[in-house]
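There are 6 protein chains.
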Amino acid sequence: MRILVANPNTTEAVTAKLMAAGAAVADPRTVLVPMTAHRGVPYIATRADAVIGGAVALEMLAEAHTTVDAAIIAAFGDPGLGGARELFDIPVVGMAEAAMLSACMLGRSFAIVTFSGGLVPWYNECLDWNGLRGRCAGIFALQGAFRDIADVQSEKEGALVELAAKVVIDHAADVVILAGAPLSGLAQTIRDRVPVPLVDGIQAAVKQAEALVALKPAKATTGTFRRPAAKICTGIPDALKARFERTDG
Amino acid sequence: MRILVANPNTTEAVTAKLMAAGAAVADPRTVLVPMTAHRGVPYIATRADAVIGGAVALEMLAEAHTTVDAAIIAAFGDPGLGGARELFDIPVVGMAEAAMLSACMLGRSFAIVTFSGGLVPWYNECLDWNGLRGRCAGIFALQGAFRDIADVQSEKEGALVELAAKVVIDHAADVVILAGAPLSGLAQTIRDRVPVPLVDGIQAAVKQAEALVALKPAKATTGTFRRPAAKICTGIPDALKARFERTDG
Amino acid sequence: MRILVANPNTTEAVTAKLMAAGAAVADPRTVLVPMTAHRGVPYIATRADAVIGGAVALEMLAEAHTTVDAAIIAAFGDPGLGGARELFDIPVVGMAEAAMLSACMLGRSFAIVTFSGGLVPWYNECLDWNGLRGRCAGIFALQGAFRDIADVQSEKEGALVELAAKVVIDHAADVVILAGAPLSGLAQTIRDRVPVPLVDGIQAAVKQAEALVALKPAKATTGTFRRPAAKICTGIPDALKARFERTDG
Amino acid sequence: MRILVANPNTTEAVTAKLMAAGAAVADPRTVLVPMTAHRGVPYIATRADAVIGGAVALEMLAEAHTTVDAAIIAAFGDPGLGGARELFDIPVVGMAEAAMLSACMLGRSFAIVTFSGGLVPWYNECLDWNGLRGRCAGIFALQGAFRDIADVQSEKEGALVELAAKVVIDHAADVVILAGAPLSGLAQTIRDRVPVPLVDGIQAAVKQAEALVALKPAKATTGTFRRPAAKICTGIPDALKARFERTDG
Amino acid sequence: MRILVANPNTTEAVTAKLMAAGAAVADPRTVLVPMTAHRGVPYIATRADAVIGGAVALEMLAEAHTTVDAAIIAAFGDPGLGGARELFDIPVVGMAEAAMLSACMLGRSFAIVTFSGGLVPWYNECLDWNGLRGRCAGIFALQGAFRDIADVQSEKEGALVELAAKVVIDHAADVVILAGAPLSGLAQTIRDRVPVPLVDGIQAAVKQAEALVALKPAKATTGTFRRPAAKICTGIPDALKARFERTDG
Amino acid sequence: MRILVANPNTTEAVTAKLMAAGAAVADPRTVLVPMTAHRGVPYIATRADAVIGGAVALEMLAEAHTTVDAAIIAAFGDPGLGGARELFDIPVVGMAEAAMLSACMLGRSFAIVTFSGGLVPWYNECLDWNGLRGRCAGIFALQGAFRDIADVQSEKEGALVELAAKVVIDHAADVVILAGAPLSGLAQTIRDRVPVPLVDGIQAAVKQAEALVALKPAKATTGTFRRPAAKICTGIPDALKARFERTDG
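Residue numbers (the UniProt record's numbering), protein chains in the order written: chain A, 1 to 249; chain B, 1 to 249; chain C, 1 to 249; chain D, 1 to 249; chain E, 1 to 249; chain F, 1 to 249.
By construction, these hints were calculated from the structure, which means they are not laboratory data. For clarity, every value in this text was computed on a predicted model and none was experimentally measured. Warning: the hint list may mix true and false statements.
Copies of one chain are not kept apart here, so a pair can be met inside one copy or by any two copies together.
Below are the BS3-like pairs computed for lysine-lysine, each with C-alpha atoms no more than 25 Å apart in a straight line [claimed, not checked]:
1. Lys231 x Lys216
2. Lys241 x Lys216
3. Lys231 x Lys166
4. Lys166 x Lys219
5. Lys241 x Lys166
6. Lys216 x Lys166
7. Lys241 x Lys219
8. Lys231 x Lys241
9. Lys231 x Lys219
The shape of chain A in the complex, shown without the other chains:
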């Protein structure tokens, strides 16, 4: 089974982190296929960034979808996820979505913990989009700046453990999601220092993508998630344009 790990950001170092963390839980027969955005922002932090990231994600899937069995949109917040699910025939999983749904099986309420306050509003919209407000104990972020998105995980490790432990007590969170692609892999590292189960976004997404492939869901042929009718479009990268125009066979 081949699963695309589509990082809709331009930072290769984050893709590397995603791949390492994903590989640690993937089935031995699963091949994770990395892809880093050729255009866009170095990391998605705001709603404006996510608008760009959504378009970029569709472009990436258009290029790769015929070569994989499933795809992961590997930015917490899942830019472009709904559109991707319409356009493509393979299962597409969002990293935030997978983390939240997995967390639901580990407790009643999950907290989302991340490294920068700037991410919170976008994550809030993602939470609502998933309809999971009632399962969420809150979204919490470290205060203060960080040095480098590629190293923020080690820079902030201690502070994140502290914050996670605090929200478990103060907000009765049963599970903590460590959110943001740059934190990929951290859950395993700090596992014994937080008193509730941790969920790592990319790891959850890999397992959910594998699960969906195994379940072999049919592509919808009616309703919202059937492939849309052909529509001529302008100024859009070729592969995506072909997908919209249904000239891709």
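Following the hints, complete the assembly by docking chains B, C, D, E and F onto the known chain A.
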């Protein structure tokens, strides 16, 4: 006062309809500035289309925002609205948002009526994004295909009157929103044939944009809607890139 | 265009504040028509006060509605608003409603800030009536008594700035509504001292009333907001009695 | 124990119906004290009527509250209930509230069935005010006019049985509330013709009022439902004015 | 009238507390019939305990239901309540349910205060099951261990008064429910030391059970709460087995 | 990896169906361990049945949990799930939960389709317990009786296809969950006759259990889902008693 009417679709004929309907209610001193997308899809119908439309909307505002007092994202569904509100200093109003908020002042519950079933899922997400589920009597669409997006309004006039009248009775709607940029101006035409007030998206948006300009709200300097910090980006049109990178002065 | 500013309280000094703040944003061709309640309470603070205020508001509109194009119920909390919208043919706007709906276009979540804790429960009911709980970051009030309702704005200016700034940080409010007719005009004064946009109730209401008049919505002829059938009533002031009994032509 | 049955409408015949139905379930030691509004409308059907009815209800309670142990606001929709609960020291129960809360103990979801479509919008607001939307299978009304509010119960008996039976099937209602003071007593009559438990508003209210008196809840001395501070008011009937001004001892 | 007070825990001392508190408010003609679980846990604190308690509650009602007019499941959290309401023909009331519904008639928002943090998650699920999240100001518990479930009420009296008073202020609770069977009777004791009305679970349940008996609701013959069809079962105590198998006449 | 398939009903034939459907999607290295309830009801249809089933499920897990890596409570509705998650250290997955969460990744809204109307109320409570009301297009059941729970799948195959296809159109469901253990395996059979993806409960549960095992979540050591403190209990099967009393090592 100058208000940008940014149609994030590529169909000029729809922009013309938007301008005509908007002009009918605009203050005499308001100048409506039309803009049609140079790239994207001819009309936004699905979530996938809206992902493209969101990115296009940001590009359009990046080009024009310094020359106007406010902007309207003139596609029902408001692609890119949240991001636009972060990036730019002027008020930005969504057509769906303006229609729904205006409708709230005309009754308890509004119905959204549109010309094509394909639009309903995207409109549903927009409704939830606005947090107005509790005020909505439902989203209803004509069945069957239409000939031409530029003429759908006259082609479907009778059917839309019938549908509107039916949902008023069956779903106790107090107000009907005629949704979709191609229906701009229709509300005035059929006003006497539907037994509750009608709301026309672009007309509501023009009045709301005028209202916001008059209220002179300060741009946030903290929190979610302050202008984001500079972020280097790649493969994005120049004006928008400059806005993200804060090299636009 | 003539807009009635109906203050359902008996304090003339508050009406004066409402008029001054409203005039600052009204279209030059708009005439704001002031009206102060002849009976009732000096200011509405509790649910019991609001019951009285609602009946008084209907009486006031019954007297004046034929002489204006729209009316504002100018007490935050909007006593009698739903009933007024049934009884009269002109658009009627509530001050709280207008403030909250306008705030929705300036951010995701608004905080409501007011000068007295006694007002909070009533405002909470108003928020729920509008179905906007999901958009509200909270309702916050100064502690402690105030000297005079007519001067509370200047007495509490510093404390209100402080409270507004605090809720922006602590509760991630994107917008702050300064609530209560006695605070009319304060938003302009303290605009530069709060780091997010402020909304002034009467100013929002004036612009929304102007917008509705421009949109020319038809009066419902069916459903909830059609004018009710004639009903004989007893012990009610003449103009309102005539309106209920449909003897007013 | 003395319980005031305050009918905030002017129709004595309805008060008689309320008294008969209430007496059928009241404790033998309970004295039900009837009171019919001296002013207002013959029956409350719309939001506008309810605004009047709320003020009238406060006036009625102001006159009688010292002579009873509890009071019932005996119009389905409970006009003025929140304000009454602030102003007076005795327990005050609303008829709709009591019916809905009692119904919650007889099943998961209750339907509200009434004799006139005109009542539905006001009942909907009452449902939301109580926060019980999630427990309600819907509000349903007979179509068509009725002859006389005092006799509507017998006129519509067959149609109401049919409607109740239908909503039980179509909307999976576990309980049916027969709503509206003019239907008082009907539940007993048609009990064997509807396949789920019925709730009669005044009967539920009498039992809830008795229950609250037995539980001897303290009057709040802080927060929302403490008695409000004295406030000078104008143009309000004497007993109510004295209550607001705290000159009533 | 005979009302079963079924304590689904094995602690007789708690049953004694329930009886004493219930008797203090019961109608003089009401006979409260005590029953303590023969099997199960000494007190229900967690979801796992509640699973056991639910089965035990059904067994207890199966034994006693023909000898009483109504039954109370006398553990806060109401284990087995829905199932009991299906299986038996008499009214069945939950202690938590009765407390919460009664509290709704004493204010807008109730706080639930209890003696041990371990109870909070289960109570939270009970709150949601009742659909009353919107009426609840929060569930609050003392920190720290207690000595003996039978004496926890006196041991913690002072701390509970303090906690109740604090949540009234900090969370704007209009009413406080003292939750947990071991606290039965405490409300009367501390009534004058908390500034809002208190609700005692067993007292509320006794009054609600009396009310339901007086209202004489018919047993559903269709839908969710009709008695289920006969179903052969295995390894279940005789009386309950007979009830499931409908061999009990 | 060993996964317990705990069928809390007494019908062996249903366990066989669960095993066959589960095996069809399980990883080749996964061993599914079947277990059928020794006591209880032949199939769980009502809330009362579910109360019994919850206790039985805990007993089954107490017997087997040390011999497996994860467990599935294999009755749609997930009796005892919350309690099981507290008591045991291994991941425990509910069949309904797994189906609903998996469905969330295949569309916006899922419909639940089942073979008997009697199951709907219990499934509704399960849906609310999971907090997924906003994602559900409705719960739909065939009308009429069925012959034999073990064969209902083939008996009703055609009718279920028809019902599924209908709800896709009428209620805009993006995904259909075939609910109830007796329908295990049906999704694969009818996959090509329903125009949206189908979810099979046991198959989803097997994949989610595998996923959770791979993610290696730590058992909570604080909060709601830590193992409860030892509690002496009475009249409970030995293995479960030992687990409650913490005498099981």
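Against the structure, test the hints numbered earlier, and report the numbers of the ones violated in rising order. Of the numbered hints given earlier, those the structure breaks are 1, 2, 3, 5, listed in rising order.
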